[in-house]
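Enquirer: Respectively, the protein sequence lines represent chains E and U. For what it's worth, the numbering used here labels the leading residue of the first sequence as 1, then goes sequentially. For what it's worth, the numbering used here labels the leading residue of the second sequence as 1001, then goes sequentially.
By construction, these hints were calculated from the structure, which means they are not laboratory data. Please note: incorrect hints may appear among the correct ones.
In the EDC-like style, the derived pairs of lysine to aspartate or glutamate whose C-alpha atoms are separated by at most 16 Å in a straight line are [stated by the list, open to error]:
id, chain 1, residue 1, chain 2, residue 2
1, U, LYS1375, E, ASP237
2, E, LYS88, U, GLU1210
3, E, LYS263, E, GLU300
4, E, LYS32, E, ASP237
5, E, LYS88, U, GLU1215
6, U, LYS1375, E, GLU80
7, E, LYS246, E, GLU256
8, U, LYS1375, E, GLU77
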Amino acid sequence: MSSDSPAVWADGLTKRFASFTAVDHLNLRIEKGEVVGFIGPNGAGKSTTIRMLCGLLRPSEGRASVAGFDVGRQPEEVREHIGYMSQKFSLYGDLTVHENLRFFAGIYRVPHRDLSERMRFAISMAGLEGREDALVRTLAGGWKQRLALGCAILHRPPILFLDEPTSGVEPEARRRFWDLIHELAAGGVAILVSTHYMEEAEYCNRIALINGGRLVAMGTPSELRQRSLGGDLFEIDCVPLGAALKALGTAQGVVEAAIFGDKLHAVLGEGGLSAEELPRFLAEREIRVGSVRPAKPSLEDVFVRLVSTTPETRAAS
Amino acid sequence: MNIQRLLAMAYKEALQVWRDPRSLAVALLMPLMQMGLLGYGVSLDIKHVPLCVYDQENSQASRSVVDSFTASSWFTISHTISSEAGIRRAMDRGECAAAIVIPVDFSRTLSATGSAPLQAIFDATDVNTTNIAMGYAQGVVAQANAALTARWAASHGAQPSLVGQVDLEPSVWFNETLESRDFIIPGVVAVILALVGAQLTSLTISREWERGTMEQLISTPVTPLEVMFGKLIPYFAIGLLDAAFCLAVAAFWFHVPFHGSVGILFVTTALFDLVVLGIGYLISVRIRNQLGASQVALLLTMLPTTLLSGYTFPIDQMPAAIQVLTYAVYSRYYVTILRAIFLKGSGLTDLWAPILGLVAYAAIIIWLAARAFRKQL
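The following block holds chain E by itself, in its conformation from the complex (with noise of 0.2 Å):
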């Protein structure tokens, strides 16, 4: 992999079961160190875009490429690169941690003299210490992950591709683990995750968002939020509400105002109003206005609205 080529693209993957098609014409990049949080609901083609990039499922259209090897062409290639761990829990639940660990280091041919420091590190890493001869079908959810994790990256993998690792992990196990993406984020390795918490989309880097089998919108959580609201959201303080929501539906730049609780929402867009001279506008409608902050939409708001709002999108991503 040349060092400034992306550790993962694709470009037009398409992937058809008869006559459905579970993931179309997607294109993404990823740069090395980058979380990439692939969000989408059940059966938007996430677990089949991850499978296509591992090489283990053949793409029926288009082309990626994986740590510079071609996917369909170099699958064995791309699988020594990458680690990957399925949505369903895979490692051998008849074989105890250390088992599953040494098998794994024997697969990926770890040098002799960086086993037992790579197996190490795995289990410290997976808080396992002490446990290595615990049958892995008897730890609970949270260790199995983080132990599967650990086996994905016996090897150095550049690359690592996560199909919702901590779905079914208690909150705290999910913490963990997602400071342990962090941590091999920050030694430059590039990581595909796919999941449905919505909060942990917070924690990536950059998000995919995929629907349908298409890439409905990428970028980072603050880009999307602007983008699905077409501005700004602010909460404004202010009495009377209903007077401060008409003066603000007629203002220039205002994309949107909305009453919320016992406040008022409102986008401001390009060009118009600006959050500066909010409390002026108001106040020279005699509208008495306490305070006007920046809010944060949630997430699952900024997704829904670009499901529902921007079919064009699909086209032009």
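Assemble chain U onto chain E, guided by the hints.
Expert: Positioned in the frame of chain E, the structure of chain U alone reads:
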């Protein structure tokens, strides 16, 4: 093929067999059970056929005929009755499989003409037993005849030698004691290997699909050949161990005479082991659930090995079309080799054809198996 990956695969597979009670039972208990069952239970020899005697005359001559039946170990007199209906009753109840009726004028006819009819009745619901019992009966009667004829000749002043007695002296080769066990047991080794080998390997790939571990495995750089050989190594070893156990039991416990070369036995056993493992592996690749795979494995190994290999049913007694079919049954070659090595002490010069058959079979099966597994979902 990379040795580190191969060994990792083999070690993992061995651990899994070791921890799986079902596989372990198949690997260790099955040979013991089969050897005991087939060694003690299956016998094609028929001895002590229960015989019903209806002696209407009760003369010296008739008693001597009955005595010759009693004297042979082939028949045991279960009933001595005094009516025709008694025979029917005994047979209906399954208390006798054969009956002889000696007519009331037996000795009179005999002394007048030099021969007398003797009726023998067989329960032919079990055709195999009946055929053999009929042969035995003829033998017994021939002996009795000889004695009677000699006496008749003497009483009529003729020299016994002039009556033209034919003394048949059968000569038995290779299985001198005529024990069917000696004939059966070497074949049992083939049955056990086919059963154990194909059963265990039929689970090996399907188990990974069923438990979801396959997806992880194929995301690694491991090659299909490493998967195949890595997985087969422990089962190959188990197969050879089982075979060694069975062969030792055959030779030292059942005292089946062993006249041949241990080297040829080892090589051909290894070849046969490869064939059945390859078949099990092929099935496992094709059928992604364990139950289905083990059923198909049973069908494709046990059935042909017990029915078409010549293990119990002689191939030259089969209809011509079926005889041709047996050439497609890999166990045919191994059973032929086993018997020849055990009982005849045959060497390479006699056995090159079935050995070549096994080699060809092993090569084809392994080639197919190597191509069958694809690292795709």
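Enquirer: In ascending order, which of the hints set out earlier in this document are inconsistent with the structure?
Expert: 1, 3 and 4
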